[in-house]
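*Asks:* Letter by letter, the chains look like this.
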Amino acid sequence: MIFTDPFFLFVFLPVAALVFHLVGRRYGTNGGLATIFIFSLLFYAPWGAWMTAILVASVSMNFLCGAALIALGDDRARLRKMLLAAGEVLNFSALIWFKYHLFAGLVQDSSARDVADWVVPAGISFYTFHQAAFLADAYAREANAVLLLGKLKTARDVATGFIRYGAFVVFFPQLVIGPITYVKEFLPQVTSARFGRIFYINLSIGFTLIAIGMFKKLVLADNLGIYSDSVFERASMRIALSPLESWLGIASYYLQLYFDFSGYSDMALGLARVFGLRYPINFFSPFKAVGIIDYYRRWHMTLTRVISRFLFTPLSLAGTRLAARKRYSAIAAKILGLWLPLLINFEVIGLWHGAIWSFVLFGLIHGIWYVTETEVRSSKRWKKWRKTVPDVRRAIYGRLILLLLMPLCFALFRADSLSTAMFLGQQLVSGASVPTINAEMQAALKPLIAGFAIVYLLPNSVELLRNYRPGILTYQNPSYGPQWRLRWRPNWGWSLFFGAIFVVCIYYMYRQPPFLYQGF
Amino acid sequence: MARLAKVLANITRRPMIAVMMAIWLGYTVVAGFVLAIDPYDVYPWGKGVSIPENFAPFEIPRIMRIAARDQQTELVLIGTSPTTIFDQADIESAYPGYVSPWNVSYHGSAVADRARTIDQFIRYSPAKRYLITLDYFYTKRAADVRPAFPDFQYDETPLNDLRMVSSVTIKAAVRALRSGSPFPDARATANQEHAFRMGERRRFQTPERMRSLRSWIKEYRAVIDKPSRLSCSDLPSLNTLLSQVNALTAKGARVDVLIPPYSPAIFYEWAGDPRLRRGGGSETFLMDQLTMRKCAVEGISRIRGAHIFAMDLDVETMSDLGNFRDPAHMENAAGLAKFIGMPNHPDLELTASNVDAYVKRLHRTVVDYELANSNID
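Those protein sequences? They're chains A and B, same order as listed.
Numbering (this note's numbering) for the first sequence: 1 to 520.
Numbering (this note's numbering) for the second sequence: 1 to 377.
It should be emphasised that the hints constitute simulated quantities derived from the structure, not laboratory data.
Remember, predicted model here, so these are calculated numbers, not experimental data.
For glycine and all other residues, C-beta sits at the position ideal for the given N, C-alpha and C.
Watch out, some of these pointers could steer you wrong.
Quick look at which bits of chain B chain A covers, simulated, 3 or more residues with Cβ under 8 Å [what the hints assert, rightly or not]:
{"#": "1", "segment": "9–17"}
{"#": "2", "segment": "176–184"}
Which bits of chain A does chain B cover? Going by a derived footprint, with three or more residues having C-beta under 8 Å, they are [claimed, not checked]:
{"#": "3", "segment": "9–18"}
{"#": "4", "segment": "202–210"}
{"#": "5", "segment": "485–498"}
Please model the entire structure based on the sequences and the hints provided.
*Replies:* Next up, the structure:
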């Protein structure tokens, strides 16, 4: 099932919420979590029996591994370390096997991604990261991880622990495309006395976020997708495009991807909130960022933090320690402790999307860009210049650089091959003569202008609902752009407004293109 | 009264719940209306709808079950774009003994769509004869239906049936309730189809298109018959079709499989056009097709009551691209009459005994092909 499916919205969700409320009120936390677990498996089941079996097997394996890591005493440190390594290796080898056994894609530069689309179990990237993080927490005996599983002394304890863990991993709002959540964010909420019941304020916030997410996906992203698909399709056929068409196509995709993915994330936050849970925020106006460092604190934030925790930080520490131990020069220490970890970090993010050269190049460009910006910002010249230029002007420069370069990176991301991306790149500067604005382009212009206006002029969903804390802040980010006094309240005005937005979305519900990140 | 006032007061205090409940209720009523009227006769309770003659093939995918449940029909043509051009009169004149024929061909029909379609006829239709086209997509392994095909109308699960509710189906339900037919003015949709074909022809019959075809013929002639790696067991789509033909004949129907008349240029186009190469085209396209056709003939010849026909060896008609709106779609009137009436020409039947000679001749025809276009040359 996907979030925009009418069956999901009008049948599955009301039934799940009602059962959750009835069971949770009577049986408390465990009853609520059992309901979540069962409904989440039902949500996943339409993807197929074997995919569901793989999910359940993965959850079971990680549960056993996590339970063993917690149960084993400190005197078995070596065994615990081996167990953690085995669990993580199993998790990531399953991910690599399913996603990258088509490594041939790198050599053939062909349609490996198409093939991957139908063999990769839905959400495997996300539930693998989710569980990998849990195992690390279990190894560290993080208090919440220990509490989540419970004592596990009797068969009933084990069943209860399994359901609690299962609900944490497979909770349907975040199962397929995230946000990737830590157990410390989940457990305190489900052990609260308020959990297991539906509250009006949570429903109001939840429905508002669902309406915002649906509008982003069904109205903005899917309409922008019509034009971007057409441009990228023509590029893949090597049909000459004018520079204007090429730029519009690239800009359309840039916005489409943002609205699609952030729309999903808003819906995920809203759905979780219906069940009384606050989940981590994944997007915070990334296009308003003033540089790539700022950008990655605002784009797919839960992936950034998990990669940074498990990859960048250990690599950086290891590099810094090695440099200190071997007494390398300052520049060598910087390469080992910062540059190389950053490059590896972004290459992994690139490859996480799939094993094709355009993703490799995407990761490499972002890595180099990030390293360059880090160095520039720490240079004396920058610090001196910073004092002479007002913040507003500096932010505008930063945004302009981002607006020029980031869409080009995402064109690389969207193109079906490296050669298509190169072809499109040529068309940007030396394409066919400028065409008259045709009907297709006109149709693209409206959502494009509306999209950029929404991105740059309006508050994001978190800012709009900030009085009600719609999600957990992953990073503390300042709000940019016009500081409107718009603040959502659960009153008639806002309810009617978002009700109207919801009705507009229903009009487009007959189209059911999948969310773009479902392919990853 | 006091209770009602209390409920109203509660609602006023919870505006978002009231709005969402209203939307849920509204949607449920509209969805209930569409599903109850059942404008495409999907459910057992459908009131039965009438279909105007000569409506556009664009509308066909939604009415498969209506056609399959038509108890009057004796002949059904199931195909893709090359056969959308035939109307009821064309079929009746080629097969005078058969009443109320249906043509359920539509543009861009994927192999998987057709499998779903044939399945509807196996289940519901009393037709005595079927004409099924065997296009080049039967070499494909993928079994996806095309994105716009309303699979939710024909699959087994009721979980996705709400996707049927859209502005189009709401209008169709209202029309079905008022006039008995879910479709708008038949003439308007027929004109739409005519305009589509004319547009395609105009875009194809240009010196530029002929130049690019000539360049591909020149470039790929030496490799156009690169050996195929396919064998009959690598053709799941074809094997599905054969089992469906078997099921139809088991019901007592006669099945004629028609290989659409393609220009030899199509084999070069699929080898050279980057767009088609991305869709599975390659230098082995010709030999893949010949392998598939041979497997089809062998399979069909084992089914009693089934026959297969091809007219590609009519070199005079096939070689002239002036007869086509593109290499896959013939537009010549005499050629089209021959195409739809192939089963009336026993010399066009392919059998286990003549298939090797047919494959050999077609192979030679393609390898030796020189582009000609009486329209432009």
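*Asks:* With reference to the structure, classify each hint as holding or not holding.
*Replies:* Hint-by-hint comparison with the structure:
1. 9–17: Coverage by chain A holds for the segment 9–17 of chain B (4 residues, Cβ < 8 Å).
2. 176–184: It is violated: at least three residues are needed, and the segment 176–184 of chain B offers just 0 whose Cβ sits closer than 8 Å to chain A.
3. 9–18: Our answer is that it holds, as 3 residues pass the Cβ test (under 8 Å) against chain B, meeting three.
4. 202–210: It holds, with 4 qualifying residues against the three required.
5. 485–498: holds (count 7)
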